[in-house]
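As they're listed, the protein sequences go chains Z and S.
Taking our numbering, I'd label the letters of the first sequence as residues 1 to 118.
Taking our numbering, I'd label the letters of the second sequence as residues 119 to 232.
Hints listed in this document are in silico derivations from the structure and should not be mistaken for laboratory results.
Virtual Cβ for every residue (Gly too), placed ideally from N, Cα, C.
Careful: at least some of the hints might be erroneous.
To be verified - One-sided excerpt, in silico: chain S residues whose CB lies under 7 Å from chain Z:
1) Gln135
2) Val137
3) Thr138
4) Phe163
5) Arg173
6) Gln174
7) Phe223
Given next are the chains, with one letter for each unit.
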Amino acid sequence: AQTVTQSQPEMSVQEAETVTLSCTYDTSESDYYLFWYKQPPSRQMILVIRQEAYKQQNATENRFSVNFQKAAKSFSLKISDSQLGDAAMYFCAYRSASQGSTLGRLYFGRGTQLTVWP
Amino acid sequence: DAGVTQSPTHLIKTRGQQVTLRCSPKSGHDTVSWYQQALGQGPQFIFQYYEEEERQRGNFPDRFSGHQFPNYSSELNVNALLLGDSALYLCASSPTGLVVKKLFFGSGTQLSVL
Numbered sequence: 001a002q003t004v005t006q007s008q009p010e011m012s013v014q015e016a017e018t019v020t021l022s023c024t025y026d027t028s029e030s031d032y033y034l035f036w037y038k039q040p041p042s043r044q045m046i047l048v049i050r051q052e053a054y055k056q057q058n059a060t061e062n063r064f065s066v067n068f069q070k071a072a073k074s075f076s077l078k079i080s081d082s083q084l085g086d087a088a089m090y091f092c093a094y095r096s097a098s099q100g101s102t103l104g105r106l107y108f109g110r111g112t113q114l115t116v117w118p
Numbered sequence: 119d120a121g122v123t124q125s126p127t128h129l130i131k132t133r134g135q136q137v138t139l140r141c142s143p144k145s146g147h148d149t150v151s152w153y154q155q156a157l158g159q160g161p162q163f164i165f166q167y168y169e170e171e172e173r174q175r176g177n178f179p180d181r182f183s184g185h186q187f188p189n190y191s192s193e194l195n196v197n198a199l200l201l202g203d204s205a206l207y208l209c210a211s212s213p214t215g216l217v218v219k220k221l222f223f224g225s226g227t228q229l230s231v232l
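Given the sequences, and given the hints that come with them, work out the whole structure.
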């Protein structure tokens with residue numbers, strides 16, 4: 001089974017500064033998807049960003065960007081210009097592409113709690 | 119347009135009891151997945167339903183069962199509750215063929231087993 005590891009249980013950042021959250025994964029597959037989800041106190045998982053493994057270009061969504069290193073099996077999330085509303089638990093997740101487009105399970109890491117200081 | 123709706127939001131049960139959790143998928147979504155998120159852990163996949171059948175299952179005992187109805191809503195049933203079943207149970211839905219791009223989560227049901 002695939003495993004996802006987030007080695008930083010907690011991180012903190014000053015408002016307007018930049019922070020990077022780390023994620024590594026273990027897989028023998030060549031085609032897969034990687035995700036970063038945000039879980040605020042409301043408990044709802046919200047998709048932050050998605051990366052397809054076959055794409056060499058790193059995904060970017062406004063202030064959020066990733067550093068995808070396929071050979072190293074590393075997938076970090078960079079949050080620029082941090083805002084108070086970014087404070088949440090962040091989960092890295094993996095999904096195999098071999099499951100097709102209809103079905104598919106996600107494998108999650110244990111999460112990183114991000115605190116944003118004013 | 120309502121998103122994924124789960125009920126109840128909180129639930130307290132005692133060991134040995136049975137519980138049913140409910141999920142209404144987002145409008146237009148026909149695939150439903152259930153995840154268990156224990157305290158301090160990431161979500162763990164329980165199972166996934168499509169066309170009213172269980173299509174994939176994670177490493178959970180048979181005490182965990184589910185159902186999907188013709189309107190795509192779903193139930194998660196847990197029998198013979200154990201203290202270790204205390205967790206947040208998340209439901210996620212997606213439309214056919216778009217599970218990668220259009221997966222939406224509900225806010226979960228917090229189950230406490232005493």
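Hints versus structure:
1. Gln135: 23 Å, violated
2. Val137: With Cβ-Cβ at 18 Å, over 7 Å, it is violated.
3. Thr138: With a minimum Cβ separation of about 20 Å from chain Z (threshold 7 Å), the hint on Thr138 of chain S is violated.
4. Phe163: 4 Å, holds
5. Arg173: 5 Å, holds
6. Gln174: This interface hint holds because 6 Å falls under the 7 Å limit.
7. Phe223: Since the shortest Cβ distance to chain Z is 4 Å, the answer is holds.
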